[in-house]
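Residue numbers (the working numbering), protein chains in the order written: chain A, 1 to 157; chain B, 1 to 157.
Keep in mind the hints are simulated off the structure, nothing from the lab. One thing to keep in mind: the hints can contain errors.
If chains are identical, the list can't say which one is meant, so a pair holds when it fits in one copy or spans any two.
[Said to hold, decoys possible] Taking lysine to any residue pairs in the SDA-like style, the calculated list, with each CA pair at most 25 angstroms apart, reads: (1) K55 - G16; (2) K55 - V21; (3) K55 - Q28; (4) K24 - G73.
Number of protein chains: 2
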Amino acid sequence: MQNDWQPGSMPTAVIGQIHRVLHKLVDQRLRAEGLSASQIPVLVALRDGRKLTQKELTAIAGVEQPSMAQLLGRMEKDGLIRREPDPQDGRKSLISLTEQALPLIRTGRGVLHHIDIEATSGLSDADRVELLRLLGLIAQAVRSDMLSLDDGDAAQQ
Amino acid sequence: MQNDWQPGSMPTAVIGQIHRVLHKLVDQRLRAEGLSASQIPVLVALRDGRKLTQKELTAIAGVEQPSMAQLLGRMEKDGLIRREPDPQDGRKSLISLTEQALPLIRTGRGVLHHIDIEATSGLSDADRVELLRLLGLIAQAVRSDMLSLDDGDAAQQ
DNA sequence: TCATATATAATAGGCTCCTATATTAATCAG
DNA sequence: CTGATTAATATAGGAGCCTATTATATATGA
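Work out the full structure, taking the sequences as your base and the hints as a guide.
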């Protein structure tokens with residue numbers, strides 16, 4: 001009974017499947033350039049010599065604080081970013097890009113943009129707009145689901 | 001220049017964002033039942049006393065072989081599955097569910113179905129159909145991108 | 001002022017995925 | 001029948017995400 005297990009008809013399952021294939025493709029292309037997908041938001045956020053705290057980068061990337069701490073640890077080890085203590089507040093450190101990281105911003109954005117074009121090559125302009133609208137509705141519903149479970153911590157975002 | 005960094009207008013980026021929030025929500029709900037998201041396809045595939053090889057489960061779940069090996073290792077440790085040598089072929093082992101895992105199939109499917117309903121609560125039936133069509137187009141494009149890079153190994157799927 | 005509360009970051013530990021490589025069993029060629 | 005190839009699984013190691021906890025610095029309040 002209940003043999004109607006068809007993940008192909010569940011939008012959330014399909015999104016997960018596409019995400020995995022997409023992520024694999026993105027990682028392959030970025031790895032060839034010495035980058036990884038999670039680094040791109042950090043590189044972009046720190047463009048033009050910007051100095052941000054870990055907390056700010058955490059919010060931008062939309063991950064939890066320890067995830068960002070680990071990512072920054074790897075990026076520092078790879079010589080992509082630098083941390084300096086904030087003279088105003090001893091708890092913070094200000095994060096900025098190294099010279100080495102500068103050319104990678106364009107590269108990374110280019111790869112992502114290119115893959116986005118490829119992935120949506122079968123869609124018309126109207127299709128793209130419609131897709132973004134539908135995904136937006138789902139994002140909204142899921143976010144409100146999450147908030148109703150949280151202890152108010154995320155309610156500030 | 002090129003300050004038009006708007007991940008919100010890139011379908012692939014939006015899919016990634018939704019996936020992460022969705023995955024977090026699914027994991028929270030499943031963890032309360034002693035389950036995790038990656039286990040569901042395995043539980044469902046092994047329903048009704050089915051015995052499958054690791055390779056078959058790998059294809060069903062759509063992950064790489066070492067990922068499935070690790071998952072099965074954890075599930076075996078947790079007493080959810082059992083491995084027995086295939087008498088026909090010494091390389092294979094046949095995997096099946098334990099008694100303990102049986103009631104979890106319904107639970108897991110229920111959680112996923114419930115979240116899918118919640119996530120798409122803002123969509124009309126027509127919206128859902130349209131969303132699946134658009135996601136299908138993307139899946140197709142991405143898959144063909146992947147295949148053109150592979151060494152023919154995945155061409156059999 | 002001093003104790004408590006809050007904010008930021010680091011650490012510990014686990015899951016899920018990946019690539020690359022090793023192991024073992026079966027098959028196939030000569 | 002034996003050596004080479006193929007097939008199934010296991011192992012090693014790393015990225016990236018999470019929750020939970022700890023360490024440290026700042027702010028707050030009696």
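Hints, verified against the model:
In this homomeric assembly, K55 and G16 come within 25 angstroms of each other (Cα to Cα) only across copies, at 21 angstroms, whereas the closest approach inside a single copy is 28 angstroms. Taking the shortest alpha-carbon separations for K55 and V21, only the inter-copy value of 19 angstroms comes in at or below 25 angstroms, while the best intra-copy value is 30 angstroms. Only between protomers do K55 and Q28 lie at most 25 angstroms apart by alpha-carbon distance; the minimum there is 24 angstroms, versus 29 angstroms within a single protomer. For the identical chains of this complex, K24 and G73 are neighbours both inside a copy (23 angstroms) and across copies (23 angstroms), given an alpha-carbon limit of 25 angstroms.
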